[in-house]
Amino acid sequence: MRPILLQGHERALTQIKYNREGDLLFSVAKDNVINAWFSHNGERLGTYNGHQGTIWSVDVNSNSTLLISGSADNTARLWNVSDGRLLHSWDTNTAVKCVQFSEDDKYVLLVTEERMGFPGTIVIFAIDPTTPDQSDEPVNVIVPQPSKATVAGWGYLNKYLVVGHENGSISLFDWNTSEVIKSVTDHEAIITDLQFSTDRTYFITSSKDKTARVYDANSLECLKMYSTDTPLNSAAIVPALKEFVVVGGGQEAMNVTTTSQRQGKFECRFFHKIFEDEIGRVRGHFGPINTIAFHPDGKSFSSGGEDGYVRVHHLDPDYFKFKYE
Amino acid sequence: MPALDPRNLPASEADIDFSDIEEKYQLTFNESFDNVIVVDHLPVVDSSKEEKLLTVVKKIFKAVAPLKDDGLFMPKEEDPETGKTTTQGYLFIELDTPEQAAAAIKQLNGFKMDKTHILSVHKFTDVERYATLSDTFRAPVIPAYEEREHLRSWLLDERARDEFVTFRGDEVVVSVNNKNGKPDNVFTRNKWTESYLQWSPKGTYLTTFHRQGVVLWGGPSWNKIVRFVHPGVKFADYSPNEKYLVTCSPEPINSEAVAAVNPQDNPFGPEDDDKHIAIWDLRTGALLRTFVMPQLASKSPVPLSMKEAWPHFKWSADDRYFARVVPGQMLSIYEAPGMGLLDRKSLKVEGIVNFAWSPTGGKAGRPASADAAKRGEHSLAYWTPEVANQPARVTLLSVPSKEVVRTKNLFSISDCKLYWHPSGDYLCVKADRLSKSKKTTFTNLELFWMRERSVPVETVEFKDNVVVFAWEPKGPVPRFATVSTVDPQAVQYNASGMAVNTNRNTVSFYALQGASKLKSEAAGVIGNFECVERLEKKTTNEVLWSPNGRYAVLGTVRTTSVWDLEFWDTAYELSAPNAQGRTTEFRLLASPELYGVTDVEWDPTGRYVAAYASAWRHSMENGFALYDLRGSLLGKHTFEKFKQFLWRPRPASLLSAEDKARIVKELPKLAPKFEEEDLMSESAASSAEIMKRRRLNEDWKQWRQRQAKEYAQDCEVLGKHSAAVENDTEGDANVETIEEWVEEVVEETEEVVE
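Each protein sequence line maps, in turn, to chains U and V.
Taking my numbering, the leading residue of the first sequence gets 31, the next gets one more, and so forth.
Taking my numbering, the leading residue of the second sequence gets 2, the next gets one more, and so forth.
Among the hints, a few may not be true.
Stated by the list, open to error - List of simulated lysine to any residue pairs, SDA-like, C-alpha gap at most 20 angstroms:
#1 240(U) to 170(V)
#2 418(V) to 445(V)
#3 710(V) to 253(U)
#4 272(U) to 170(V)
#5 189(U) to 713(V)
#6 353(U) to 697(V)
#7 183(V) to 305(U)
#8 315(V) to 283(V)
#9 189(U) to 710(V)
#10 642(V) to 219(U)
#11 189(U) to 705(V)
#12 183(V) to 209(U)
#13 475(V) to 420(V)
#14 702(V) to 268(U)
#15 702(V) to 253(U)
#16 693(V) to 273(U)
#17 702(V) to 691(V)
#18 702(V) to 270(U)
#19 710(V) to 248(U)
Claimed, not checked - Part of the chain U face toward chain V, derived, beta carbon under 8 angstroms:
#20 186
#21 187
#22 189
#23 229
#24 231
#25 259
#26 304
#27 305
For the record, the hints were derived by calculation from the structure and aren't laboratory data.
Predicted model only: the values in this text are computed from it and were never measured.
C-beta: ideal position from N, C-alpha, C; glycine also.
Make a model of the complete structure from these sequences and hints.
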């Protein structure tokens, strides 16, 4: 089926997220605006204006009332989803690269950039959904060593924090004591994305080393590896119906103009989650794919690219009939 | 030295302790005798002429190295009977440096002082070395015999599969090709070669290139077989029967530098200095001779192209003779294994450009016979361009007699290329000729009928330029294919040798037509080559015949825009004769495209075709694809920085023609057995795959169960109930159904109602 092209950004996409039901889609880009869309037809619900710099990351809580965004203007902001009101703004020393609500919506984490002499940190705030006044006092600040964090996520039941590092290692943190519980290094380059399975018992990472890996969220055992021929920017686990994963990337944005589109490898690639075999590709972007998100019902997915477009793909009947055993 | 105390200064200079300063600035004196040389075979003179002799010697040696005033020492002895003091006929010279000593030895050893006195100049240390040599003979230690591995083990493969080697990134992989296009890797080694790989002509050895030289590998375990030290080696070339190896390095050999790195086995001596090419005995690894490469040694401002100059030495079919041209001057034929010039002299041929040996041997103008090779008769062809008033000329030469068998004059020639038919029965000279206006060129093919008496020549004229010529290697009648173009513009290439545009080319197939052998002999007609198929408007720039003939791939390779491969059957059997009364026709079987293809290669048995895109040319989708001879894709494999794909050559079959005919006859009987085997192996492979998947699935399920258990435990420990459960219960209550109306106006018409 023809994908729906969402043209709401003027610059490269940085992240897209579905809400828990999957009816809404939130997208952020380097152009300071957060867009909210109806995922089934691509109609725009509205925008959240106010950031002064590239927005790196966005997340929505599980009952779709609160939205958090992290930006290069050194703030993370909390928004009211339904009317676009800014509820709170946390100031940080450096850009906020990654934000995420915990599974029970009681906490948020911010991953901040290492720059201007400030170390990269993971800051945790408690969220009170009943009041707009949020505490500016962090619950904890973790400074990952020796390599800075690039992505992070909450494990199930807020058991651990799972952190992806610049040097390709993955570690588990106790978010109260800042203690490193476990750390493994399988990837050979920066971790670009980290997305959980629905029950958060395992997760997938993508890396510039051209591979994506599936890890056990407790043991950090690398269960599966998917290798491609291009640096990867994003990876998602298909949440329902099929045992697949989707990865996307493309050669570095700085090299794109020198080469043809065919060679850029700007495709979403489907892999069989268990057999690690490539199943198919979805073409369309004319720049590297920066972010991929799958609809929670497993029937559609979206990709956002360096080209400034979000493409919402509703999968064909063939996809559901396809057997690969 | 203790700290200086002004109240307690030493009384005199002698009391000062200088030991630390002396230690610091102590000079190490050169106490070796490497800079001393011995000059022997001098005239024996008495004291009256001693001064004169010294002056002469000084004069000789001053030309090579500056002499010290007290550097000469001539021992003298008093004859006890006559009481005269005479010199001993030798003297010692001390020079400044060992390098000067080496230079003096090199230049003046063997210097003729006069008729009777030929100087011998040596290192002083050598004299000492030989003098202290032990007088008792000590037998050299002969290493125990080590059984070599079977170097042709790959030919014993039960399914007669072919091997190939691929070079991807830093990794070299030897693989076995399978029918299904999924090769099995048999051996992998990282950083096996520093530049590229090469098989020996019969596939016995794999050659790897390193800074220090080349190494040959082989056998089932891929061990090192032999190593040839040649610093900076760039090219290697084998004799056709793998007896000799020729290596070439653009760096002149420096035997001392080699000795410094490889003190144990330095194959070179001072006589090999400044040479570029080395010829080796392959089995023993011994150096046979070194040569200067005129193309590299020449100081001409335009360096001669190495690409054209290699292979520098060309070998006769039986490895017995090898020859090279010194461009424009002469043809030198050498004999192996003596490495000497045939008849001790080169053949002076003014203007000579290039030559080629007959691939089978035998004398021109005589029917092919099996014992021709035994008699050691060979033919070679060379050509000379127009010089002064002499026309361009192709000459057939018999070796070793150096008898000119046939010459053919050609006019207004711009370039010639020599193509021998693999059977040695025909020689095609592709002559590019200038038109009368000298502005355009066109091509004539001069076909020499080598086996006929007096070697008749047939000319096939083209109106356009032939850019590719290829003989069909085998077949009932000799055939060849050409690619010609009328496009006036030459193809442009980018820096890495990729064509940026393509010409519109014509592909033509020629076959020997005409009377049967008997009839032709009776009538004195021998038939002639006629065009049997012409394919217009092709981008083809390479014609690759199957090693068994009949099938050919027309490739458009090394271009930046077109990547077509056309698989042709040139003898497609028709059920009924066609309009021209032929029972076979040319038929296009498939025309696959391989993005960025740079090279195409048939396997040695003519069953498969490999096409690959090499990272040496570009970095787009590097990798290789395997096709069967019908052009259907069996498998495509892409690798980062894929560089090279080489089928392992096979030696000639040992089966006689009768054996082969018998096998073909029995094929229908034998085939079912092989088909069954294929089926078996295929189903085994697929069932193995299914088993593997089942196992993976099972593993995953088990892991998920373990996870679920762990999750439940964690829930209890943390005193929470599962978020998933919580969400599920509340989820149903909160579902809100949104109805969306989509109205679409299909058609709007206005009607006037009366």
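Hint-by-hint comparison with the structure:
no.	hint	verdict
1	240(U) to 170(V)	16 angstroms, holds
2	418(V) to 445(V)	11 angstroms, holds
3	710(V) to 253(U)	18 angstroms, holds
4	272(U) to 170(V)	35 angstroms, violated
5	189(U) to 713(V)	13 angstroms, holds
6	353(U) to 697(V)	16 angstroms, holds
7	183(V) to 305(U)	18 angstroms, holds
8	315(V) to 283(V)	16 angstroms, holds
9	189(U) to 710(V)	15 angstroms, holds
10	642(V) to 219(U)	19 angstroms, holds
11	189(U) to 705(V)	18 angstroms, holds
12	183(V) to 209(U)	48 angstroms, violated
13	475(V) to 420(V)	15 angstroms, holds
14	702(V) to 268(U)	16 angstroms, holds
15	702(V) to 253(U)	12 angstroms, holds
16	693(V) to 273(U)	16 angstroms, holds
17	702(V) to 691(V)	16 angstroms, holds
18	702(V) to 270(U)	15 angstroms, holds
19	710(V) to 248(U)	12 angstroms, holds
20	186	7 angstroms, holds
21	187	5 angstroms, holds
22	189	6 angstroms, holds
23	229	6 angstroms, holds
24	231	5 angstroms, holds
25	259	6 angstroms, holds
26	304	5 angstroms, holds
27	305	6 angstroms, holds
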